[in-house]
Amino acid sequence: MKNNSRLRYFIYLSLIIIGGCTTGKKALQKGDYDASVAKAVSRLQNSPKNSEAMQVLKTGYDLALQDHLRKIEEAKASNDLFRWESVMYDYQKINQLADEINSCPACLTVVPGPTKYINELADSKYNAAAARYNSGLGYLRENNRQSAKKAYYEFEKTQNLQPTYKDTKAKMEDAYWAAVTRVVVQPIIVNSGMYKLSADYFQQQIDQFIGNYSRNKFVIFYGETQATDQKIVPDQVLSLNFDDFVVGQTYVKERVEKLKRDSVVIGETREKKPIYGTVKATLSIFEKNISSSGLLDMSITDWGTKKLVRQQKFPGTYVWRDSWATYKGDDRALSKQQLAITRRREQLPPPPSTLFLEFTKPIYNQLVDDISYYYNNL
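The numbers in my numbering rise by one with no breaks, and the one at position 5 of the sequence shown is -12.
Every clue listed holds true.
No farther apart than 30 Å at their CA atoms in a straight line, the calculated lysine-lysine pairs in the DSBU-like style are these:
#1 149 / 200
#2 13 / 99
#3 132 / 152
In case anyone wonders, no lab produced these hints; they're calculated from the structure.
Let's have the full structure, built from the sequences with the hints guiding it.
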């Protein structure tokens, strides 16, 4: 039984290996000539005398070469501005086929000296870079921010195709700065010394966010002092101001409950037998809520036209809660939970500066989400 199991396992494994080592015949029949060549090469590297793989390689390579050369001629004859990129792609595929065959000694007996188009590929890359460069110049001449972005990406493609083509790097830099939106963020002013430290911390969080912002490379944030020092002329000004805020509104609520419990041992007879009765208590539960809230106004203004381009308001609330209780009467009338709360004492609330900071936390989350949404899509 053990030998039969091993035999079945090896047969199964052999079928997998054989199935995996295809000759490329199916790919050839489907017209995927490049894949047929790659599969035939792979098979001949493992089985150099496989006749089917040899036939597939010969036929597949001839058809792949003809197909790519046909596409190259069609692309050259087209009016597509970026036709040289198609030409370049097909020359790359031809050269890749040649490299695959050259890596397989058995394949070279079937296709000796596969053709490579080194100079033609280099020329097509140069021409493709020139087309992208000229396209970038066209966009740059339109002299607006959106076209400058397109120009930047065209020069970037030029550099990827031909890193040293003309003054591409300088043009790319010109396009970038023509596309950038410079945003000066004005500091929040809180006219209260009591909350200055908390307001400063809130401002630091905002400064850190804008300092780390990188989602849209064409947006740069500046603090007001930084912009002044660098003599930055902004495209937009982002202003943040509290329309209103209230810190430390206190509400205390008392709830009184009359409690009683029956069948409680309240004594015993001379015969030491328990005496049952009813015990009573009055429970006073106190709940204190200290509410702090504010409304932050965010406005974005176009510096040139002084037009308001976006305005949002973000509310924030923080409620600090405390509870405790007292009772009069027999503590046996209270449950364990009620008794536990009577052992608590009224707590001192956080200082006003902490309450201020707490209500700004939900405001901060809303603010950075909105800034991100707006500028990510600018």
